[in-house]
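In order, the protein sequence lines correspond to chains D and C.
Note that our numbering has the first sequence beginning at 1, numbered continuously upward.
Note that our numbering has the second sequence beginning at 1, numbered continuously upward.
Keep in mind the hints are simulated off the structure, nothing from the lab.
Take these hints with a grain of salt, some might be off.
Said to hold, decoys possible - Quick list of simulated restraints, FRET-style, between CB atoms:
hint, chain 1, residue 1, chain 2, residue 2, range
1, D, Arg133, C, Trp5, 28 to 38 Å
2, C, Trp5, D, Pro244, 50 to 60 Å
3, D, Thr56, C, Glu54, 35 to 45 Å
4, C, Glu227, D, Phe64, 37 to 47 Å
5, C, Arg85, D, Pro244, 50 to 60 Å
6, C, Ile135, D, Pro244, 33 to 43 Å
7, C, Ile135, D, Ile50, 42 to 52 Å
8, C, Ser229, D, Ala67, 56 to 66 Å
9, C, Ser171, D, Pro215, 27 to 37 Å
10, D, Leu291, C, Pro60, 42 to 52 Å
If you're wondering where the values come from, they're calculated on a predicted model, not measured in any experiment.
By construction, the Cβ of each residue, glycine as well, lies at the ideal position given by its N, Cα and C atoms.
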Amino acid sequence: MNNKQEKVVTKRDKYENIKQSWYKFSLNKMSVVGLVVVCLVAILGVFEPIIAPFPTHVGAYVNFKEASIPPNTTYWMGTDVFGRDIMSRIFYAFRGALTMGIGVLVVVVPLGGILGLIAGYWKGNWISTLIMRVTDVFLALPPLILALAVSAILRPTLLNSMMAICVSWWPWYTRLIYGMTTTLRNELYVKSAELLGASKGHILFREILPNCLGPLFTKMTLDMGWVILTGASLSFVGLGEQPPIPSLGTMVSDGAKFLPAQWWIAIFPALAIMVIVLGFNLMGDGIKDMLSSEE
Amino acid sequence: MLVNWLKRIGTYLLVLLGLSILVFIIGRVIPGDPARQALGPRAPEEVVQALRVEMHLDKPFVTQYVLWLKGALRMDLGKSLMTRRPVIVDIKEFLPATLEIVSISALFMVLGGILLGILSTKYADSWLDGVIRVISYLGIVSPAFVWAIIFILIFGYMLPLFPTTGRLGLSIISPPTVTGMYTIDFLLNGDIVGFKDALSHLLLPAIALMLGGLAQAARITRSSMTENSTKDYILAEKAYGIPERTILLTYLLKPSLIPTVSVLSLDIAALFGNAFLVEQLFNYPGLSRYGMQAMLNKDLNAMSAVVMILGIVFITVNILSDMVVAYLDPRVRLLGGGNE
Chain D
1 MNNKQEKVVT
11 KRDKYENIKQ
21 SWYKFSLNKM
31 SVVGLVVVCL
41 VAILGVFEPI
51 IAPFPTHVGA
61 YVNFKEASIP
71 PNTTYWMGTD
81 VFGRDIMSRI
91 FYAFRGALTM
101 GIGVLVVVVP
111 LGGILGLIAG
121 YWKGNWISTL
131 IMRVTDVFLA
141 LPPLILALAV
151 SAILRPTLLN
161 SMMAICVSWW
171 PWYTRLIYGM
181 TTTLRNELYV
191 KSAELLGASK
201 GHILFREILP
211 NCLGPLFTKM
221 TLDMGWVILT
231 GASLSFVGLG
241 EQPPIPSLGT
251 MVSDGAKFLP
261 AQWWIAIFPA
271 LAIMVIVLGF
281 NLMGDGIKDM
291 LSSEE
Chain C
1 MLVNWLKRIG
11 TYLLVLLGLS
21 ILVFIIGRVI
31 PGDPARQALG
41 PRAPEEVVQA
51 LRVEMHLDKP
61 FVTQYVLWLK
71 GALRMDLGKS
81 LMTRRPVIVD
91 IKEFLPATLE
101 IVSISALFMV
111 LGGILLGILS
121 TKYADSWLDG
131 VIRVISYLGI
141 VSPAFVWAII
151 FILIFGYMLP
161 LFPTTGRLGL
171 SIISPPTVTG
181 MYTIDFLLNG
191 DIVGFKDALS
201 HLLLPAIALM
211 LGGLAQAARI
221 TRSSMTENST
231 KDYILAEKAY
241 GIPERTILLT
251 YLLKPSLIPT
261 VSVLSLDIAA
271 LFGNAFLVEQ
281 LFNYPGLSRY
291 GMQAMLNKDL
301 NAMSAVVMIL
311 GIVFITVNIL
321 SDMVVAYLDP
331 RVRLLGGGNE
């Protein structure tokens, strides 16, 4: 597309477009619920120091006088064995969870996507075969096991657990984009661009990639939930963020030792994980509806 | 067709070889000095040096890999630092337990997921469909370890109907080993009391493992059946007056299962992954718990072996699912289209 054509799209058309997309998205009320949940989690995570009732409780805070108090009006979700407010700690853990999701996708989507584009466009070439065989190898292990194995070897930190998840996550994007590119490369507009002598970069990123965006965005939204869940599984076994910094998985595994008498220590973080994943799932369904071309 | 399968098996062997390289890199290259990693920072230098020689770490990478692969092919996977036994002995002991739990879990998942999918198609948009949808969402969004904790809480303390730890009750003596799977061994031995006890130990972890996959299978089956139900051939069958039930269970179900099978094969793999956490929680002595402990203790030989074995199991599951898809989809079977 050249500049002239872009100018024809007026502000008003854009507004109409957004309105239409929103209409499609909001047709299913559950998608809107998902969006609200996701926004809420993001706000709570980002503004945790302001919103959380006890911001100091996220660190190495100890107050045994107030330890293991069941949910009440001061501590809405109770306190843990060190007397720390569980709600404040969950809000802080939202930060880690979102960082994890965004961080992993920022690495995995471009990496997997570009490999998929290359392998799909030059299908039949040795480079394509190489990429897809390597992808197959990474896909030959359940993602959680690969992530566990890699993070077990590295030192347990949030960053390393993110890296471990990246290692197990990129092939899914390669596979997705590869599949779409192999079909799209035979489309007429790609052929015409080739005839006009467009550069490979132009064909891959301006002709093919924009047509992959729908399924890509849908998968990314859903994956935010799955990555966070995988991250929680890693920190559940102690391979993520280290105490005293709160993370949802660690909070569940620490709390599980005090079941059933002090149920609130484990149950609220577990619910928090479920709420985040549910939010991204519902939102992902909505985005799928929004981007599908069918009426 | 035979050529096609041979080709496919060739590809799987290639993937297997690649997997062995990947596992080798994870176990031997990433850690820097695996011997030091394995023994910890306080071990004396001579001991570490001895282990280095034993693990062939003094040789170049390629030689190390070839030696490791040769050993693996001869079932020599080195010694476990945790149990001080050859890894292969540990695996023979622990693998059947995990296979047992995962097979039961997969059985529940496949049957339950497809059944729920059929039910929610048959009663589409009724209250039952709604209930199934809510259950599906709950199943999908809660990790297996959360279910495990909930089950332990409910059945371990409130309604002690099922045991929540181990493979057998205290009063039950383990059966003579034939397959290593207790339920089967008890049956072969004709010991019904033991069989019941072993089965009751399997139930909770198996269900905790599979709920996510069950929900996913149900959702996919429903959407694929709903999509196919508007196709012309279904309409034609309706016009011929073929009973609704026959159409639903025979003509509609079979082609609709193709996407479900693909998803299920991934979910079965996920069962092995989740078993890493669930076996730990239920204190169930399986390969996954062994693998988990190997990872946490940096027992690299044991870890590489477990990861490799689970990879092989996963690839086998994939071949099986390809076969099922070929059975369900004549296009794949006859044209050899497959994934292309």
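Going through the hints against the structure:
no.	hint	in the structure
1	D:Arg133 / C:Trp5: 28 to 38 Å	19 Å, violated
2	C:Trp5 / D:Pro244: 50 to 60 Å	56 Å, holds
3	D:Thr56 / C:Glu54: 35 to 45 Å	51 Å, violated
4	C:Glu227 / D:Phe64: 37 to 47 Å	59 Å, violated
5	C:Arg85 / D:Pro244: 50 to 60 Å	38 Å, violated
6	C:Ile135 / D:Pro244: 33 to 43 Å	37 Å, holds
7	C:Ile135 / D:Ile50: 42 to 52 Å	38 Å, violated
8	C:Ser229 / D:Ala67: 56 to 66 Å	58 Å, holds
9	C:Ser171 / D:Pro215: 27 to 37 Å	56 Å, violated
10	D:Leu291 / C:Pro60: 42 to 52 Å	51 Å, holds
Violated hints for the displayed structure, listed by number in ascending order: 1, 3, 4, 5, 7, 9.
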